[in-house]
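*Asks:* Letter by letter, the chains look like this.
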Amino acid sequence: MLRLGDDSLILGQRLGELCGHGPILEEDIALTNIALDLIGQATSILNYAGEVEGAGRDGDKLAFLRFEREYTNLLLLEQPNGDFADTIIRQFLFDAYRKPLFERLINSSDSQLSAIAEKSLKETKYHLRHTSEWVIRLGDGTEESHQRIQKALDNLWRYADEIFFSDSVDEELTKSGILPDLSDLRSIWEQTVKSIFTEATISIPSNNWKFEGGRKGRHSEHMGYILSDLQYMQRAYPNMEW
Amino acid sequence: MVTKDQIWEWLEEVSDPEIPVLSVVDLGVVRDASFEENYWSITITPTYSGCPAMQVMEYDIKAKLKEKGIEYVKVRTVLSPAWTTDWLSDKGKFKLREYGIAPPENEVDKSVLFAEPTMVPCPKCNSRNTRMVSQFGSTACKAHYQCNECQEPFDYFKCLK
Chain A
85 MLRLGDDSLI LGQRLGELCG HGPILEEDIA LTNIALDLIG QATSILNYAG EVEGAGRDGD
145 KLAFLRFERE YTNLLLLEQP NGDFADTIIR QFLFDAYRKP LFERLINSSD SQLSAIAEKS
205 LKETKYHLRH TSEWVIRLGD GTEESHQRIQ KALDNLWRYA DEIFFSDSVD EELTKSGILP
265 DLSDLRSIWE QTVKSIFTEA TISIPSNNWK FEGGRKGRHS EHMGYILSDL QYMQRAYPNM
325 EW
Chain B
428 MVTKDQIWEW LEEVSDPEIP VLSVVDLGVV RDASFEENYW SITITPTYSG CPAMQVMEYD
488 IKAKLKEKGI EYVKVRTVLS PAWTTDWLSD KGKFKLREYG IAPPENEVDK SVLFAEPTMV
548 PCPKCNSRNT RMVSQFGSTA CKAHYQCNEC QEPFDYFKCL K
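Chain order of the listed sequences is A and B.
Take the first sequence: its position 14, counted from the start at 1, is 98 in our numbering, and no numbers get skipped.
Take the second sequence: its position 49, counted from the start at 1, is 476 in our numbering, and no numbers get skipped.
If we strip away everything but chain A, and leave its shape as in the complex, we get (with noise of 0.2 Å):
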């Protein structure tokens, strides 16, 4: 449950600093909205991890009084902005894979955990529905657009495997009903990536140089700065309250 909190928390925190900072006044309004869309769903999965947990600490003790290696989001959301291709890239990566995550996981055996992907699901098609627009119009778009897009996916391409890590303890979730079936996520995945990069006439890189760790608490040097930014008011001001 941490995984997924974290996965909203960070990119709705990287999205946030583009508030004010959008390419265009539509696209800064759009990238806040899904932020902000975001960090209502961090606010709902990790206050329940929290209450699950047991041990008194709600979605705000979880998401600004943790030690870097405590979180567990993807390495993918934690790079940097960039260019507005590399956030469009990195948004569509990330959406593609939560569209179908939220549709299975309103079967899940635990009911605040449907209830939350129900509520999501609603949000993340949204999400889905621009980037997969903005790639392909980047793609298919201008010289330079083109080599920009494609420049960034060559870029965040190695990220993009870490997104089905697995291990025990999903295994164990799935066994019990919690999480659903995931066996499929990636051929889904898969499938909404290719035919959108061959709609937006960029490809996928051809190494197979990857990258892991996010899921596990080991983080690119990039994560320091979005915690010390996201930490600040609580560390410099213990217990405040807004």
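Treat the hints with caution; some may be incorrect.
Unchecked claim - In silico EDC-like pairs for lysine to aspartate or glutamate, Cα to Cα no more than 16 Å straight-line:
(1) B:K551 - B:E525
(2) B:K588 - A:E202
(3) A:K206 - B:E525
No lab work stands behind these hints, which were simulated from the structure alone.
Starting from the structure of chain A, add chain B where the hints point.
*Replies:* Relative to chain A, chain B alone:
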């Protein structure tokens, strides 16, 4: 003893902080009101996961009921069944249009950049000749449109199902 109907009536006086013409009842955010042993339990459901208005609504509901003499109120947030724009009351839709926000049409918009977006009549001049400026508007629940006839830029309360 205050009746349930009375509570609902009072909740009609609590407005959405972002769209003040709508009450939390019009919006379909209030799902239930019930008396439990010694307090009133009000169940609400968020429009969008991250909607910042939800906390304000919770606070306003408590403040309104307190003003009416109800001391003990608990506001409970439930996520399922997930909110849809179908829960927006007819009165709510009418008030939205009067306020200059186009109410949700009965279909989810599938387009972002390419396909034809949902046709939304202009709340000012009723022309059907309008265009979508952006799928994401001033708040999570709205898209940004403009009327090609009277040039009025307006918000469209987008359909969520």
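*Asks:* Compare the structure with each hint and give your call.
*Replies:* Structure-based check of all given hints:
Taken as a hint, the B:K551 and B:E525 pair is honoured in the structure, with Cα atoms around 9 Å apart against an allowance of 16 Å. Proposed proximity of B:K588 and A:E202 is supported: the alpha carbons are some 11 Å apart, at most 16 Å. Between A:K206 and B:E525, the direct Cα distance comes to roughly 28 Å. Violation of the 16 Å bound is thereby established for this hinted pair.
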